[in-house]
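Let the hints inform the model, and build the full structure from the sequences given.
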Amino acid sequence: MKNTTILSLLLLSTFLLPAHTHAQLNAIRQKIGPITSTAQGHVGVALKLLETGDTLSFGGNDRYPMQSVFKVPLAIAILDQVDKGRLSLSQKITIRKEELRPTWSPIRKKYPEGTVMSLSDVLAYTVSQSDNNGCDILFRLLGGTAYVNKYIHSLGIDSINIVATEEDMSKAWEVQYTDWSTPLAIVQLMEGIHKGSWLSKSSNDFLLKIMTETNTGPGRIKGLLPANAVVAHKTGTSDTNAQGITAATNDAGIITLPGGKHLAIVVFVSDARAAEKTRDEVIAKIARLCWDALQ
Numbered sequence: 579m580k581n582t583t584i585l586s587l588l589l590l591s592t593f594l595l596p597a598h599t600h601a602q603l604n605a606i607r608q609k610i611g612p613i614t615s616t617a618q619g620h621v622g623v624a625l626k627l628l629e630t631g632d633t634l635s636f637g638g639n640d641r642y643p644m645q646s647v648f649k650v651p652l653a654i655a656i657l658d659q660v661d662k663g664r665l666s667l668s669q670k671i672t673i674r675k676e677e678l679r680p681t682w683s684p685i686r687k688k689y690p691e692g693t694v695m696s697l698s699d700v701l702a703y704t705v706s707q708s709d710n711n712g713c714d715i716l717f718r719l720l721g722g723t724a725y726v727n728k729y730i731h732s733l734g735i736d737s738i739n740i741v742a743t744e745e746d747m748s749k750a751w752e753v754q755y756t757d758w759s760t761p762l763a764i765v766q767l768m769e770g771i772h773k774g775s776w777l778s779k780s781s782n783d784f785l786l787k788i789m790t791e792t793n794t795g796p797g798r799i800k801g802l803l804p805a806n807a808v809v810a811h812k813t814g815t816s817d818t819n820a821q822g823i824t825a826a827t828n829d830a831g832i833i834t835l836p837g838g839k840h841l842a843i844v845v846f847v848s849d850a851r852a853a854e855k856t857r858d859e860v861i862a863k864i865a866r867l868c869w870d871a872l873q
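Residue numbers (this note's numbering): 579 to 873.
Hint data in this document are derived by calculation from the structure and do not stem from the laboratory.
Any given hint could turn out to be false.
Straight-line distance between alpha carbons at most 35 Å, and here's what the computed DSBU-like set of lysine-lysine pairs gives [stated by the list, open to error]:
(1) K688 - K787
(2) K609 - K773
(3) K687 - K855
Note that the coordinates shown come from a computational prediction; the quantities given were computed from them, not determined experimentally.
As structure tokens, this is what we get:
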């Protein structure tokens, strides 16, 4: 009788778990609206609890400019070539002085006359530190944005569009909107990374490592989480135009929740008039809301 009772309780717990998760997501849903309104812009949110598949989104199928979030699909495309033996993480990449444009570029700051570094280091600069010059060097290795766009679509992720490099986007305000994605498409990308769907284990582990080492946007997803929270993520940030509009304040990644579950989270803040601190806080508050509700 005792064993039967224990089994019944275990089965009850199993059946109650999805309903419990659904209730948690509903609690999140009710609180997100007031948070997003402070951005004074267009905010898209997509959340997926990766162990259960439970998903919540606001504007999840709308298109938003990615800015540097697109460096994650670029990195996946590069690592796919590594897995196929066409590139090597240890191969040396020559970076000429003329390739180092005056843009956000820790590589340029450290090596203003150019340098030679490994492909793994170029990837780390590009993802962890969001180096724009490193990004365009990687695009050139693959023959341009069209290759990356086609590759990502081949993975079954259609709502990501990559047509402009960092240099292209620097030429005119409107160009950044041609590199767009939906929040749900980026959640799909994060889920594939979490599951190791596309890359070898070593390449996927390397990607997660450099995403976890991201040092940009500290006030976004990680802003209100405990200091020891593990977050593999990538930010994206545009300039602010003369009208006071910021096209993109983004963060997308995977949070390891208390208890060991994983949440794919994407928050895109587009065409916003709020100050940078407020835009960052929108993302941070949503991440903290999820952390508290889902632990």
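> Going back to the hint list, which numbers does this structure go against?
Replying inline: Hints that this structure does not satisfy do not exist here, as all of them hold.
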